[in-house]
Every structure is written in structure tokens, then in C-alpha cells.
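Chemist: Sequence:
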Amino acid sequence: MLSGRNNSLSHDPNLTEGSHSDKVLPGLVLVLAQLSIFIEQTVIPRITEEIAASFSGGGVRGYENGPAFVPGVICRIFHSAGEKLLHHYNKMRTQRISILLRKRFTTPNWIKHKEPREVHMFVDLFLQELEVIGKEAKQILPQGHLRKHRRSDSNGSTTSSRSNPLRDDKMSKSNTQRARSQLLETHLAKLFKQKVEIFTKVEFTQESVVTTIVKLCLKSLQEFVRLQTFNRSGFQQIQLDIQFLRTPLKETAEDEAAIDFLLDEVIVAASERCLDPIPLEPPILDKLIQAKLAKSK
Numbered sequence: 000m001l002s003g004r005n006n007s008l009s010h011d012p013n014l015t016e017g018s019h020s021d022k023v024l025p026g027l028v029l030v031l032a033q034l035s036i037f038i039e040q041t042v043i044p045r046i047t048e049e050i051a052a053s054f055s056g057g058g059v060r061g062y063e064n065g066p067a068f069v070p071g072v073i074c075r076i077f078h079s080a081g082e083k084l085l086h087h088y089n090k091m092r093t094q095r096i097s098i099l100l101r102k103r104f105t106t107p108n109w110i111k112h113k114e115p116r117e118v119h120m121f122v123d124l125f126l127q128e129l130e131v132i133g134k135e136a137k138q139i140l141p142q143g144h145l146r147k148h149r150r151s152d153s154n155g156s157t158t159s160s161r162s163n164p165l166r167d168d169k170m171s172k173s174n175t176q177r178a179r180s181q182l183l184e185t186h187l188a189k190l191f192k193q194k195v196e197i198f199t200k201v202e203f204t205q206e207s208v209v210t211t212i213v214k215l216c217l218k219s220l221q222e223f224v225r226l227q228t229f230n231r232s233g234f235q236q237i238q239l240d241i242q243f244l245r246t247p248l249k250e251t252a253e254d255e256a257a258i259d260f261l262l263d264e265v266i267v268a269a270s271e272r273c274l275d276p277i278p279l280e281p282p283i284l285d286k287l288i289q290a291k292l293a294k295s296k
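Residues in the sequence shown are numbered consecutively from 0, following numbering that gives the first Met the number 0.
It is worth saying that the hints were derived from the structure and are not from the lab.
It cannot be assumed that every hint is accurate.
Stated by the list, open to error - With a straight-line cut-off of 25 Å between C-alpha atoms, the simulated DMTMM-like cross-links for lysine to aspartate or glutamate are:
#1 K90 / E264
#2 K90 / D275
#3 K22 / E82
#4 K83 / E39
#5 K83 / E130
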């Protein structure tokens, strides 16, 4: 059934994974994953109870060479199948979004990029894909225990490293000096955040699946950034797009600390690949983001 050989469904040629599983609907894979877990957790125990009740001795044994029905073994088989299917679903969804990200970063000439005037449209496409995944997960998977992992600074706040008081330098600096200070601070913050656990085991819940896919996509985004070379305007465009993504991604995923960390990693990667890494001033950045939000309403 998963081979898709008899499936004549057509897909967008621009979002094709390029493997034998292309014709398999991701939703079907997720349904099979959840079905496997349902069989493991509900069906097998119920069958075991029925078999036990059918024997006067109250057990499933009575065979000279051992029981014909071993619940533990069958449960492990279905659990393993469910995990593999869930992993495959995450891979399919991540590959689809990675194609979108690859096109975004390989199409423009980043060395000649113009000054950013608005958030790039790829952000909307990215969020639309995540919205589809979120709706799909809600239809199929149960809701997990809500737990937001917030990143706290030394003063106990949950703000991003961008609001670090070290940046409030009273001395007047040039744009270049200020940019170097900001990048140095980002690297220092990165060292303190290395303990953030990025990839945890995927659970069969809505939040866990969506969060895992977001993390994988951000890692792909970071790798695509590392393959490019940016001028100042190109770097600022990346800064603008990533800053806009912070709020919706942290609302979508349950692990805010890891999402913040991965977004910061993209900015650091872009700065390392930039010929003149001067970031946008906060007032300009906020103005462009507010313009995008107003346009989206």
C-alpha cells in the first residue's frame, strides 16, 4: 500500500520529493502510524483479555511448546512499525518544505541583493505549509501535555538574546563597531545555549510532531544559508525574515527555547557568510515587521 504503484494521484511537480514514496499521501502515513499505536495500546490488550477469559484457567497458555499468542512480541512489532511510519511522515513533510527553502536561497544573487523593503514571500509559503501540517496532526493525533520550554536569561526573563543589556552601550560607536559587538554577543550567547536539547524523541502527539518538523526545517534553512555568500543587504534580508518568523514559529511549536536557538543559528550562519555583516537597526527592523503584520490582516 505504501509503494504507491497503483496510486494515480497527481502532485505539484514543484514540490516532489523525488523518491518512490512521492505518490503516498503524507496523511495516510500518519494515519497508519497512529493505527499501529492504537493496535499496540488498545487492540492487543483487549484480545489478550478475551483469550484469557475463554480459558477456564484464565490464561493464554495450554500449549506444550509455549503460547501461540505472545502479546509482548506483537506489541513491540506494532510499536516499531508506528515509530518508523511517524519518522517517515516527518521526513516527507520536511523534504517538501526543504524544496521550498532550497529554491528561496539558490535563486537570487545574494552578492547583489538590494536593501530589504519587506519580509520575503517565502515566509508566507513556509508558514502555510506548517499550517497544513498542524491541521493534519490535529485530525489524526491526540493532543499531548502542553509544555512550553522557555529560554530564560540570567535575569530570569524569557526574551531573546537580542535584548541583552550588553548592547545598551552608553559609548557612541560606529555602525561597524556596533555590528561587531552584536555578532560577538550572539556567539557568546550561543556558547551558553549549547545545553539546549534540540532534538528529543518524537512522541505520537500533535505538538511533538509539529515541533520536530519545525526544528528539522530550521536546520535545513541553516544549511542552505551556509552555502551562500551575502552582501550587507542580503544579510539584512535574512535578519528581517528570521525575526518575523520568531513569533509564529514559537506559537506553533512547543519548545520555544530550541526554536529561538535554531533561529539564532541561522542569523549567525548568515553573518559568517556575509562580506559586511551590518544588521538592520532595531527601529527599522520593527517598522518593516509591523508593515508586514498590517498587510497580513
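Chemist: Against each hint, give a clear statement of whether it holds in the structure.
Modeler: Against the structure, the hints:
Annotation: proposed proximity of K90 to E264 holds, straight-line Cα distance about 22 Å (limit 25 Å). Note on K90 and D275: the hinted pairing is violated, with a Cα-Cα distance of about 36 Å set against a maximum of 25 Å. Restraint check for K22 and E82: the C-alpha separation of about 21 Å stays at or below 25 Å, so the hint holds. Simply put, K83 and E39 have alpha-carbon atoms about 14 Å apart, close enough for the 25 Å limit, and the pair holds.
Annotation: proposed proximity of K83 to E130 holds, straight-line Cα distance about 23 Å (limit 25 Å).
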